[in-house]
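Modelling step: build the complete structure from the supplied sequences, incorporating the hints.
There are 2 protein chains.
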Amino acid sequence: MRSTDTLLLTRKNVADLLSLEECINTVEEAFKLYAEGKMQPPKILGVHNQKGGFHIKAGLLEKQDSFFAAKMNANFPNNMKEYGLPAIQGVLIASDGETGQLLALMYSIEITILRTGAATGVAAKYLSRPESKTVAICGCGNQGRVSLKALMEVRSIEKVFAFDTDSIRADRFVKELSKELNITIEQVTDLEKNLNQSDIVVTCTPSKQPFIKREYIKPGTFIAAVGADSEEKQELYTELFAANKIVTDLTVQCASIGELHHALVNGHITIANVYAELGEIIAGLKEGRTSDNEIIIFDSTGTALQDVAAAAIVYKKAVTMEVGMKLNFSN
Amino acid sequence: MRSTDTLLLTRKNVADLLSLEECINTVEEAFKLYAEGKMQPPKILGVHNQKGGFHIKAGLLEKQDSFFAAKMNANFPNNMKEYGLPAIQGVLIASDGETGQLLALMYSIEITILRTGAATGVAAKYLSRPESKTVAICGCGNQGRVSLKALMEVRSIEKVFAFDTDSIRADRFVKELSKELNITIEQVTDLEKNLNQSDIVVTCTPSKQPFIKREYIKPGTFIAAVGADSEEKQELYTELFAANKIVTDLTVQCASIGELHHALVNGHITIANVYAELGEIIAGLKEGRTSDNEIIIFDSTGTALQDVAAAAIVYKKAVTMEVGMKLNFSN
Chain A
1 MRSTDTLLLT RKNVADLLSL EECINTVEEA FKLYAEGKMQ PPKILGVHNQ KGGFHIKAGL
61 LEKQDSFFAA KMNANFPNNM KEYGLPAIQG VLIASDGETG QLLALMYSIE ITILRTGAAT
121 GVAAKYLSRP ESKTVAICGC GNQGRVSLKA LMEVRSIEKV FAFDTDSIRA DRFVKELSKE
181 LNITIEQVTD LEKNLNQSDI VVTCTPSKQP FIKREYIKPG TFIAAVGADS EEKQELYTEL
241 FAANKIVTDL TVQCASIGEL HHALVNGHIT IANVYAELGE IIAGLKEGRT SDNEIIIFDS
301 TGTALQDVAA AAIVYKKAVT MEVGMKLNFS N
Chain B
332 MRSTDTLLLT RKNVADLLSL EECINTVEEA FKLYAEGKMQ PPKILGVHNQ KGGFHIKAGL
392 LEKQDSFFAA KMNANFPNNM KEYGLPAIQG VLIASDGETG QLLALMYSIE ITILRTGAAT
452 GVAAKYLSRP ESKTVAICGC GNQGRVSLKA LMEVRSIEKV FAFDTDSIRA DRFVKELSKE
512 LNITIEQVTD LEKNLNQSDI VVTCTPSKQP FIKREYIKPG TFIAAVGADS EEKQELYTEL
572 FAANKIVTDL TVQCASIGEL HHALVNGHIT IANVYAELGE IIAGLKEGRT SDNEIIIFDS
632 TGTALQDVAA AAIVYKKAVT MEVGMKLNFS N
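These protein sequences, in sequence, are chains A and B.
Just so you know, we're using the working numbering here: the first sequence kicks off at 1 and counts up by one.
Just so you know, we're using the working numbering here: the second sequence kicks off at 332 and counts up by one.
With the C-beta cut set under 10 Å, the calculated list includes, among others, these residues of chain B facing chain A:
{"no.": "1", "residue": "Thr-337"}
{"no.": "2", "residue": "Lys-343"}
{"no.": "3", "residue": "Gly-377"}
{"no.": "4", "residue": "Val-378"}
{"no.": "5", "residue": "His-379"}
{"no.": "6", "residue": "Phe-660"}
Here are the simulated DSBU-like cross-link-like pairs (lysine-lysine), alpha carbons at most 30 Å apart as the crow flies:
{"no.": "7", "chain 1": "A", "residue 1": "Lys-326", "chain 2": "B", "residue 2": "Lys-657"}
{"no.": "8", "chain 1": "A", "residue 1": "Lys-213", "chain 2": "A", "residue 2": "Lys-233"}
{"no.": "9", "chain 1": "B", "residue 1": "Lys-382", "chain 2": "A", "residue 2": "Lys-317"}
{"no.": "10", "chain 1": "B", "residue 1": "Lys-647", "chain 2": "A", "residue 2": "Lys-81"}
From the derived model, a few chain A residues whose C-beta atoms are all more than 12 Å from chain B:
{"no.": "11", "residue": "Asn-25"}
{"no.": "12", "residue": "Leu-181"}
{"no.": "13", "residue": "Ser-207"}
{"no.": "14", "residue": "Leu-285"}
{"no.": "15", "residue": "Glu-287"}
Hints in this document: simulated from the structure, not taken from any laboratory.
Glycine included, every Cβ here is placed at the ideal spot set by N, Cα and C.
Okay, here's the thing in structure tokens:
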């Protein structure tokens with residue numbers, strides 16, 4: 001008789017269990033499995049009202065074990081101002097893919113942050129110039145922090161430009177991360193000047209207005225466009241996006257909620273202009289970077305492929321290390 | 332500062348908190364609100380593999396408070412035989428619709444059973460002849476039990492026929508419910524003979540083959556077709572379904588996973604042949620039964636409208652009565 005206990009993992013439990021390095025490795029593998037037809041396309045669902053929305057992303061990872069995850073994130077952008085609550089709150093349901101048993105319920109934010117940063121790292125590994133040294137981080141929140149750490153796992157970064165419309169947040173980013181990561185970080189405000197000196201640009205703001213223009217970006221740059229993950233969000237001008245080599249996490253998802261969405265709506269390009277999905281490059285089905293001069297843009301909307309892969313690691317480690325509280329919900 | 336505790340409610344907690352009578356009332360109201368344009372269309376998502384599948388239904392109930400629910404049910408039909416586990420296992424996530432706060436996590440099965448039975452009761456109230464006395468229950472599992480109880484809330488039932496391909500289950504149904512409900516229940520095997528004597532017929536089996544023929548049903552009967560809730564399930568022959576007055580819970584959902592699905596695929600009818608959604612009749616936008624002779628079929632696939640309405644009651648009562656365990660997931 002199998003145990004019917006469900007493991008309850010708080011934000012801290014998840015943070016303690018999941019390392020960025022593991023997350024990068026498993027996210028890379030998940031994208032590859034998907035491209036090879038060994039994972040089915042993940043599904044998404046959204047319910048919205050005037051104050052925000054609820055988004056569910058669900059996927060199934062079938063390796064030795066079969067593992068299902070559905071992540072529900074509530075996104076209420078004015079929460080902090082209005083209620084002192086985080087904008088994003090949610091839970092991930094993990095189930096056995098062979099029996100449907102409810103294995104775990106995890107607070108979702110750490111998984112969202114790490115798996116998104118991990119995708120940026122994986123994409124940079126395949127799409128940035130190997131000698132990339134200078135990074136611009138636009139948006140100095142949690143995602144900016146983990147993005148920088150993920151880039152440092154795959155490239156020898158020497159210099160960082162930190163940009164945020166909130167200069168206090170940028171300042172904190174500079175102080176905390178330059179110490180923690182032992183790297184030179186400079187707060188900047190002149191996007192044109194500083195992006196032109198960057199090998200890698202990460203955009204991870206909540207912006208609904210594009211702010212990165214085509215002329216800001218020098219040849220050879222890799223851009224991870226992370227912020228746009230709903231149809232009203234946008235960070236890159238479509239002229240920049242449409243003119244360069246586009247790699248998506250999932251093309252169908254980017255077409256509805258990513259930077260790609262805006263380029264399609266504006267009629268600048270069609271789906272056929274998308275060069276590849278990240279997994280196709282990892283799996284060797286398509287070449288990654290083919291010249292030192294091309295600008296490559298990774299449209300990152302965040303997928304259930306990443307969620308389920310990261311959650312599987314969290315769950316396995318929690319069981320092994322006996323972390324979390326157990327509850328038999330079916331009693 | 333608002334509390335950020337999440338309430339954990341086990342199967343027993345939910346069963347103790349939710350009465351069938353309350354559930355019928357709230358389900359009736361939810362269908363009505365939806366028909367009046369005061370609830371948005373709920374969303375569904377499905378992920379399947381060879382052994383089963385995961386289904387998510389999500390909806391938002393906005394009355395005085397705003398309440399979101401997403402219910403994830405795993406359905407693995409061979410679970411009991413293979414692993415000694417229930418076929419359906421799942422959890423319902425309840426969130427504040429204004430702030431996205433994670434209010435509660437509930438084991439889902441009791442909500443699924445009760446809200447489905449409640450819809451049968453509500454449909455019978457509007458669509459069966461008021462003097463209906465004799466009921467046939469096809470499928471003597473949990474859903475058969477709650478369906479009978481729900482019918483007894485809305486009609487003066489005097490006689491019940493219990494049919495199940497598993498005669499031990501039918502026998503248990505007869506013994507237990509005739510005592511509990513103080514009513515005459517007879518186990519039957521001749522569908523044609525006994526359905527012809529029934530005013531109300533409920534089908535709630537896991538059948539993938541239709542077994543109710545057109546000639547089994549007498550004029551004036553109300554049929555609640557509850558079993559079909561995925562594209563491969565079917566209980567009524569399409570000739571029976573297509574020839575009569577069809578009321579759905581949600582037409583778009585029935586068209587993909589209900590009895591309606593099969594009638595459409597077989598080309599017997601088009602969507603235009605559907606008479607109404609249940610909510611339209613409750614709201615008075617369309618008439619219910621207009622003659623004592625018509626056969627009316629309610630295609631019940633189970634909707635998030637019902638889930639969110641039932642979960643809102645469970646949550647409010649749990650808070651008031653201080654039931655359930657609290658956990659701060661965001662710590």
